[in-house]
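Q: Sequence:
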Amino acid sequence: MIYWSVPFPELNFSVPYVPTPMHVARKMLELAGVGPDDVVYDLGSGDGRIPILAVEEFGAKKAVGVEIRNDLVQIAREEVSKRGLEGRVEIVRGDVLEVPVHEATVVTMFLLPDLMEMLRRKLERELKPGARVVSHEYPMAKWRPKKVVRIEDEHMFHTLILYVAGESF
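Numbering-wise (UniProt numbering), the sequence shown opens with residue 1 and increments by one.
Rather than coming from a laboratory, the hints here were simulated on the basis of the structure. Cβ atoms here follow ideal geometry from the backbone N, Cα and C, with glycine treated the same way. Watch out, some of these pointers could steer you wrong.
Simulated crosslink set (BS3-like; lysine-lysine; CA at most 27 Å straight-line) [to be verified]:
#1 Lys147 with Lys27
#2 Lys27 with Lys122
#3 Lys147 with Lys122
#4 Lys62 with Lys147
#5 Lys146 with Lys62
Taking CB as the label site, the calculated pair distances span [as the list claims (entries may be wrong)]:
#6 Gly84 with Arg120: 33 to 39 Å
#7 Pro16 with Gly94: 15 to 21 Å
#8 Gly94 with Asp114: 14 to 20 Å
Let's have the full structure, built from the sequences with the hints guiding it.
A: Here's what the structure looks like:
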């Protein structure tokens, strides 16, 4: 497996690029109950697989991937274009701590705990009651999970944690 690193010099740490396996991505969207009224934001979206999946297979009204690495943004945008999803899937090049998420009804993420802690306060401020947050692997400090799901595959276990704004935080 190849790991890439994204520098955050102002934060003095890096976030590795480790793509969420497709079967885990599907389970994340299932756990959130994504449907036609949802606007899904994937924070640290890598190659865009979760926003694309949210629209194509779950019928989300809109999906936004937020990614800081130019090369991954380009890959994701090319895939969105190839699939003809430009009107419903947007890939934003930006810092997950700076891109507004007010319109999100679902947020997905596979981020390291230090970054999640910084993101926690932003999500608490910006998400409306009822918005769902699904974290792959790492819990959000100070939030109460609505549901925890563990998935086993041939290589490892995956933990998915569902939170609901207004209930979990």
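Q: Is the hinted pair Lys62 and Lys147 satisfied, with a Cα-Cα distance of at most 27 Å?
A: holds, 24 Å
Q: Could one say that the CB atoms of Gly94 and Asp114 fall in the range 14 to 20 Å?
A: The hinted range 14 to 20 Å holds for Gly94 and Asp114, with Cβ atoms some 19 Å apart.
Q: Note whether the CB distance of Gly84 and Arg120 lies within 33 to 39 Å or breaks it.
A: holds, 36 Å
Q: Lys146 and Lys62 were given as a pair; does the straight-line alpha-carbon distance stay at or below 27 Å?
A: holds, 24 Å
Q: Has the given pair, Lys147 with Lys122, been kept, meaning a C-alpha gap of at most 27 Å?
A: holds, 22 Å
Q: Looking only at beta-carbon atoms, does the pair Pro16, Gly94 fall within the given range of 15 to 21 Å?
A: holds, 19 Å
Q: Is Lys27 within 27 Å of Lys122, Cα to Cα?
A: OK: Lys27 and Lys122 at ~25 Å, within 27 Å.
Q: Holds or violated: Lys147 with Lys27, Cα cutoff 27 Å?
A: Holds, because 13 Å separates the two Cα atoms, which is no more than 27 Å.
Violated hints: none; the structure is consistent with every hint.
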